[in-house]
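Enquirer: Kindly produce the complete structure, drawing on both the sequences and the hints.
There are 2 protein chains.
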Amino acid sequence: MTRAAQRGTTRDRVPPHPDLRAVALQQVLEALVDPVRRHIVRELHAAGEDLACGVIELPVGKSTATHHFHVLREAGLIRQYYVGTSRLNALRREEFEDAFPGLLQAVVAAPEQR
Amino acid sequence: MTRAAQRGTTRDRVPPHPDLRAVALQQVLEALVDPVRRHIVRELHAAGEDLACGVIELPVGKSTATHHFHVLREAGLIRQYYVGTSRLNALRREEFEDAFPGLLQAVVAAPEQR
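Chain order of the listed sequences is A and B.
Residue numbering for the first sequence follows our numbering, beginning at 1 and increasing consecutively.
Residue numbering for the second sequence follows our numbering, beginning at 115 and increasing consecutively.
Honestly, the hints are just simulated from the structure, not real lab data.
All C-beta atoms in this analysis are idealised placements derived from N, C-alpha and C, irrespective of residue type, glycine included.
Treat each hint with caution, since some may be false.
Stated by the list, open to error - Using C-beta positions, here's what the derived DEER-type ranges look like:
1. A:Ala90 / B:Val174: 38 to 46 Å
2. B:Val150 / A:His39: 21 to 29 Å
3. B:Val150 / A:Gln113: 44 to 52 Å
Unchecked claim - Covered stretches of chain B, as calculated for chain A (at least 3 residues, CB under 8 Å):
4. 128-138
5. 145-158
6. 214-225
Expert: In structure tokens form, the structure reads like this:
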């Protein structure tokens, strides 16, 4: 089965994604103010490819991790989709850059620790 | 009395300011996640000059406003100083840009409402 066909069979499990033109700066900053969520964004940015949730090591339990991915998705920072039973996460780099120029780059470039 | 002399006489009232090299991204984002504090930053950025606290119209009471200025100062976003009895606020543009490249510009450039 092709990846596209797999996606087709799981379309009902693909969660909704906001149009970034409708996302407010407030929501984006509320997503990015959490260090665990910034870690997810940094990992996706550094990987340069889509990652399954389980691949990103987080200092929280599974349901809390799922919540953090949800918040990032609602803020338009990531896109989630299924391949078989794996939920994959893609950073919405270009769309986000169009909506909030320079913001993602500034956050991932900033040192977390001084 | 010159402005410099006035500052000298009120040096004990000038609050402490952090070295931006010691400010964490977490603290900066916690400061910027509040819409009232972003409004202050935007007003200072748009004015292009230092402003007294009372000049910036805010939808909060005076003690709450003072708190917001305090949080911005602690996060290294503004510098406060006295001229006579007026407390003036300066955006620490260049120092902040050195410490967090692109972040201030990205936040003030982003539309608050969609």
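Enquirer: Please go over all the hints and tell whether each is borne out by the structure.
Expert: Right, here's what the structure says about each hint:
no.: 1; hint: A:Ala90 / B:Val174: 38 to 46 Å; in the structure: 39 Å, holds
no.: 2; hint: B:Val150 / A:His39: 21 to 29 Å; in the structure: 28 Å, holds
no.: 3; hint: B:Val150 / A:Gln113: 44 to 52 Å; in the structure: 28 Å, violated
no.: 4; hint: 128-138; in the structure: holds (count 4)
no.: 5; hint: 145-158; in the structure: holds (count 4)
no.: 6; hint: 214-225; in the structure: holds (count 10)
The structure fails hint 3 only (numbered hints given earlier).
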